[in-house]
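A.B. asks: Below are the chains, spelled out letter by letter.
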Amino acid sequence: MIATKNGSNETLLSVLQDIQAKYGYLPEEKLIETAETLDMPLIDVYGVATFYKSFSLKPRGRHLVKVCLGTACHVRGANRIVEEIERKLAVRPGETSENGEFSLETVMCLGCCAIGPVVVIDGKYYGQVTPTKVESILRTIRGEIYAR
Amino acid sequence: MLAEVKADRIRTSKDLEDVRARILQSRSSKLPCIVIPSGTCCQARGSSEVVESFQKEVEKHSLRDSIALRITGCGGFCQSEPNLIIYPEETYYQKVSPDDAEEVILETVLRGKVIDRLLYADPNTGERFTHLNEIPFFKKQQRLLLANNLQVDPTSIDDYLAANGYSALSKVLQEKTPDEVINEIKESGLRGRGGAGFPTGRKWELCRKARGDVKYVICNADEGDPGAYMDRSLLEGNPHSVIEGMIIGGYAIGAGEGFIYVRDEYPLAVKHCRLAIEKAREYGFLGNDILGSGFSFDIKISMGAGAFVCGEETALIASIQGERGIPRQRPPFPAKRGLWDRPTNINNVETWANVPLIMAKGASWYSKIGTEKSKGTKIFSLVGKINNTGLVEVPLGITLREIVYDIGGGIPNSKGFKAVQTGGPSGGCIPSSLLELPIDYESLTEAGSIMGSGGMIVMDENTCMVDIARYYINFLNDESCGKCLPCRKGTQRMLEILTDISEGKGEEGDIGLLEELALVIKDTSLCGLGQTAPNPVLSTIRYFQDEYEAHIKEKRCPAGVCKELISYYIEPEKCQACLICLRNCPVEAITGGKGLVHIIDQDKCIKCEACLDVCPPRFGAVTRLSGKKVPESVLQGTEVIRRRSGETDVNA
Amino acid sequence: MLTLRINGLDVRAEEWWSILETARFYGIEIPTFCYHDGLSAWGGCRLCVVEIGEGENTKLVSSCTYPVTEGLVVRTHSRRVTAARKLLVELLLSSCPSSKTIQDLAVKLNVQKVRFKVEHEDCVYCGLCVRICAEQMGAKAIGFVNRGGKLKITTPFDRTSEVCRRCGACMYVCPACQLRCQGTEPPGVVCGSCLSPEPTCLEFYPDLMCYMGAEGNCGTCVREPKRENIKKEVGECQ
Chain A
1 MIATKNGSNE TLLSVLQDIQ AKYGYLPEEK LIETAETLDM PLIDVYGVAT FYKSFSLKPR
61 GRHLVKVCLG TACHVRGANR IVEEIERKLA VRPGETSENG EFSLETVMCL GCCAIGPVVV
121 IDGKYYGQVT PTKVESILRT IRGEIYAR
Chain B
149 MLAEVKADRI RTSKDLEDVR ARILQSRSSK LPCIVIPSGT CCQARGSSEV VESFQKEVEK
209 HSLRDSIALR ITGCGGFCQS EPNLIIYPEE TYYQKVSPDD AEEVILETVL RGKVIDRLLY
269 ADPNTGERFT HLNEIPFFKK QQRLLLANNL QVDPTSIDDY LAANGYSALS KVLQEKTPDE
329 VINEIKESGL RGRGGAGFPT GRKWELCRKA RGDVKYVICN ADEGDPGAYM DRSLLEGNPH
389 SVIEGMIIGG YAIGAGEGFI YVRDEYPLAV KHCRLAIEKA REYGFLGNDI LGSGFSFDIK
449 ISMGAGAFVC GEETALIASI QGERGIPRQR PPFPAKRGLW DRPTNINNVE TWANVPLIMA
509 KGASWYSKIG TEKSKGTKIF SLVGKINNTG LVEVPLGITL REIVYDIGGG IPNSKGFKAV
569 QTGGPSGGCI PSSLLELPID YESLTEAGSI MGSGGMIVMD ENTCMVDIAR YYINFLNDES
629 CGKCLPCRKG TQRMLEILTD ISEGKGEEGD IGLLEELALV IKDTSLCGLG QTAPNPVLST
689 IRYFQDEYEA HIKEKRCPAG VCKELISYYI EPEKCQACLI CLRNCPVEAI TGGKGLVHII
749 DQDKCIKCEA CLDVCPPRFG AVTRLSGKKV PESVLQGTEV IRRRSGETDV NA
Chain C
801 MLTLRINGLD VRAEEWWSIL ETARFYGIEI PTFCYHDGLS AWGGCRLCVV EIGEGENTKL
861 VSSCTYPVTE GLVVRTHSRR VTAARKLLVE LLLSSCPSSK TIQDLAVKLN VQKVRFKVEH
921 EDCVYCGLCV RICAEQMGAK AIGFVNRGGK LKITTPFDRT SEVCRRCGAC MYVCPACQLR
981 CQGTEPPGVV CGSCLSPEPT CLEFYPDLMC YMGAEGNCGT CVREPKRENI KKEVGECQ
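Chains as they are written, first to last, in the numbering used here: chain A, 1 to 148; chain B, 149 to 800; chain C, 801 to 1038.
Okay, chain A solo, but in the shape it has when bound (with noise of 0.2 angstroms):
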C-alpha cells in the first residue's frame, strides 16, 4: 500500500477507505501503521483521517442508521424522522447506542430524493419515511436480528 505521487495505484485516501471497510472505523494503530509506511508525518495523516465524514474514528455500532437531510428529504419533514429515531434508539447523531448495536448518521443527500425522506439501515433503502413508520421499520429490523 504505497502512495507516491503519480503512477501508483494507492493514495492515502484510498489507503484510508480500506482501513474503513475493513475495520468499520479508523482504528489509532492503524492510522499510526499508515503514517509509517507511507512515510508521512503523523499529523498528515490524521488530519485526513478528520476532514472527511465517512471515516469514523471511533468504532461504530453493529447497525448503522443514516437518515437523509438533503433539501428535499427536509422539505419533506426528515428533521422529524431523525428526532423520532433519536426518541426511539436513545441515540444522537453521530453517535453510537450504549449497547452498541445501533450507530446513528443524518447524510446530507443520498441522491434517492424522488422518495423522500429516506433512512438506510445496513444498506437497506426505506423510502417515503414518516415518523409513525420509523416505529415499524425499527421492529422489523430488530425482529431480523433476532431472528437469526
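Source of the hints: derived by calculation from the structure; they are not laboratory data.
The model shown is predicted, which means the values in this text are computed figures rather than measured ones.
Some hints here could point you the wrong way.
Unchecked claim - Listed next, with one range per pair, are the computed distances between beta-carbon atoms: (1) Thr273/B <-> Gly24/A: 49 to 59 angstroms; (2) Val963/C <-> Asp694/B: 54 to 64 angstroms; (3) Val762/B <-> Arg142/A: 16 to 26 angstroms; (4) Gly24/A <-> Thr771/B: 38 to 48 angstroms; (5) Gly657/B <-> Gly949/C: 23 to 33 angstroms; (6) Gly949/C <-> Met40/A: 21 to 31 angstroms; (7) Arg429/B <-> Arg824/C: 52 to 62 angstroms.
As the list claims (entries may be wrong) - To spell it out: a stretch of chain C is covered by chain A in this simulated footprint if at least three of its residues, at any positions, have a beta carbon under 8 angstroms from a beta carbon of chain A; those stretches are: (8) 934-948; (9) 955-963.
Note that CB positions come from ideal geometry on N, CA and C, so glycine has one too.
Using the hints, position chains B and C against chain A.
C.D. replies: Frame of chain A, contents of chains B and C only:
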C-alpha cells in the same frame, strides 16, 4: 439479460462495426422486451423484488427465448416506481408489484391486453395514459441522454454497442484531429453542466494549449448538491456514455489518463462504473492503441469520502492526491497546473455524457437545441413538493411554468406554489412571480440564482423561507473546509442570526447585517463554496422579505414551520375525544379521556406534529398557530360536544 | 520583469512576485494577518484582499497569493476592499477580543463596534503556528484537524507530541495568544489604547516600557484613569 456476444479485443474501427452487426443480428428486434428500471431509488421502492418475480415467471412459463428482460438504470419518472416499459409498443406500467408479474406477461406481453389499473393516471384529471410518450411527464422533455438509460443494461457493454455506443469514438479516432474535436465542441456551445456553465470547448482548448507531456482528464461525479441526483442516474444507468466522452476528451486534449471521482454515497454508481471500465478494457476501448489509432487511454476510479467541498475543482484534485480537500487559489487554473501539478481538465458527468452525442450528430445539430447562449438539453431533478417527482431532461430555454406544471403536474394536495430552489446551496429561490422565466444560465443568474448541477426543489406554502435559508447556511458552515475567515466565521455568524430569527429572537437591523455579511463573504471567500454561500440568504431576502419581517416583528412563522414560533392547539368544539392523538403523542403531552376534550400541555409539547398528522380529517380538531397566543384551555374533564356524522365537517 | 498598475501607478515587478510583495516593495501598505515573511503564503485571513480588473469585471483576491501578471490593474484601497477588510476584522475581533494584534488592526481600520456574539476563542486559525512548525522547525507536530465549524489546530489524537521539540515557535508567532490586550474595556469593545498611548509608565520607569521590550505586557498605561478621554464611543456587544 440478453446474452453477450463474446468478442476479442476490438482492434480497428472496421472490427467494431463487425462486432456491432453481430450483436444486432443476435437480437431479433421483433422480440418483446420488458424493461425494468432498477437504479438505487428504484430498488428502494422494491424494483429488485419485481425483477426477481418477472424472472421467475419467465422461467415458469418457459418464455426465455420469446421475451427479453432488461434491467436498466433510472428511467427518470421516479414517482411511478417500481415501473416497467414494454417494447416495442412502449406500454408504461407504474407502481408494479411482484404479484403483477404473471398477469403482465400473460395478458399484456403475450395477448396485447392493457391492464388499466397499472397505467399512469394524471393526478389532477384522472386521465390514464398507455404509452410512455403520451404521459404528460415525458411529453415536453427532450431525452437525448436519459432515453438511453432505458435502452441499456448498464452491466452489459453489448447493449451499449447495440445502441450505437462507441461509434462516436470510432468516428473521432478515424476522421478527426484533436483540434477538430475541440472546434466541434466549441461550435456546439456546450457549457459545463456542473454548475458554473463555462464553455466546455474553451476549457478543453486551454488545457490542450498548456505546456506539459502528461495531462489528465477528470470526471467530477461528486454531486454534492442535496436534492440533485442526475449524475448518479447517468453513472448507474449508462456509464459507458461517460467513459466514451472521457476517451474523446482525452484524445482532444492529449491526456493519457482519466479519473472518475465519485462520492462514496453512490455505491451502485461505483460498482457499475468499475464494471464498465473492465468491459471497456476487455473490448479494447481503453488501453493501448485504441482501435488502431495509436492513442492510448485508461481510466481509474477515485472515491470521495464525504466532503461537499470536494466538488470544487481544486479541492477535488487535493482529494485525489490524498490530502485534505482544501481549495486553493486560481490562478494557476487546473488547466495549466492541476492534478500532480500537471495540466488537468475537469468536467461534470453530464458534460462528458453530452460529448459522444455531439461528436456523433455534429455541432450544428446540437446548437439548434436550446437558446442562443445556452445550448443543448439539461437534466434537472424535480423534487420536493411536486406531484411528478423525478429526473427531467429539457431543452434549455423552457419556462419554469412548463417544468412545474406541464411536466411536474403541479403541487400535491392543491397547495399553493411558493418557489423553486435551483443550484443547490449555491443557488437561490425563484418565486411564483417569475414562473415565466426561461431556464437558462443567464436568466437564472439575473434572477439571483444559478443553474447549478440541476437540482430543482419545489416549495409550497408550508415551506418557510427563513428556515430554508438557515438550512443552507447550516449545511455550508458544516461543509466549509475552514481555511478562510469569511466562509468559516462569516457563515457561522449568518447562521447565528438566522437561528435567532427563526426562534423569535430576531431584531431590527438583522436583515441589514445579513446583507452586509453576505456581500463580504461573496467578495472575499477563497473558493466557489464561500463565494456562493450567501446566495440562498440573499435570494430569500430579495423575494420573501415579508416572511423575514413576520418572524422578526411579529414573532410569527407564516408557513408554520419554525418550532419556537408555532403551537399546536386542539379546538374543544371540534374534538370528538377519539383518543388517537393522545395515544400517538411521543411525550404524553395530551390529557383527556373517552368523551372528554383532549388538551395539549404546551410545556410538554415538543412540536413533533404527530397529533396534527393523526387527527381524523373529518374532525380536523388539531390546529397549528403562529404569532398568536394559545387560547386559554378548557377545564380538564370538559365533555365533548357530540356531533352526528355529517355535522362534524365544520370546514365545509 | 513585467509591468502592472497599482493604485494608478505603473510599476515594474519580477515575474515570481505576488501582488503583496510588489506593493510592499513600493511602500504601499496592505494590512495582513496570516502573512509572515519567512513562511509560505496561506491566503486564509483574506485581510490582504485587493481589487483587480477593470470596469464591471473586478474581483477581490488575496494579494499574498496572487501572482503578478503583465498589465494587471490593482487597487489596494477601493471602496469594496475597505468595507470588506473592516468586516473581516470585526469577525476576528468578535472571536478573539483579547488579542492585542487584532485590537490594533481594528483601530487602524476604524472598526467601531462588534455586532456579533462575542466568543473567547484562543485560536483564529490563521495557521501561522502550523506553518512555522512545518517550514521553519521541520517538525510538523501540529496541523489542522476536522473542518468547518469544528476546525481545530492540534497534535494527532490531541496527545503530547513525540516530534515536538518544545521550541516555542508556535507561541512566538501566534497573534492570538502572544500579545494580550491589557485594556480594561469589556470584550467586544474596541480598545485602541496601544495605538494612541499616553504613557504613564514614565512616572515609574526611566524609559518608555513598550520600547524596552514590554510591549503589550506592561499594561501600565492602559490601566491608568487617564485612558478615559481617548476611548472611542463604542456600542455594547450582546
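A.B. asks: With reference to the structure, classify each hint as holding or not holding.
C.D. replies: Hint check:
| no. | hint | verdict |
| --- | --- | --- |
| 1 | Thr273/B <-> Gly24/A: 49 to 59 angstroms | holds (51 angstroms) |
| 2 | Val963/C <-> Asp694/B: 54 to 64 angstroms | holds (58 angstroms) |
| 3 | Val762/B <-> Arg142/A: 16 to 26 angstroms | holds (24 angstroms) |
| 4 | Gly24/A <-> Thr771/B: 38 to 48 angstroms | holds (47 angstroms) |
| 5 | Gly657/B <-> Gly949/C: 23 to 33 angstroms | holds (24 angstroms) |
| 6 | Gly949/C <-> Met40/A: 21 to 31 angstroms | holds (27 angstroms) |
| 7 | Arg429/B <-> Arg824/C: 52 to 62 angstroms | holds (55 angstroms) |
| 8 | 934-948 | holds (count 8) |
| 9 | 955-963 | holds (count 4) |
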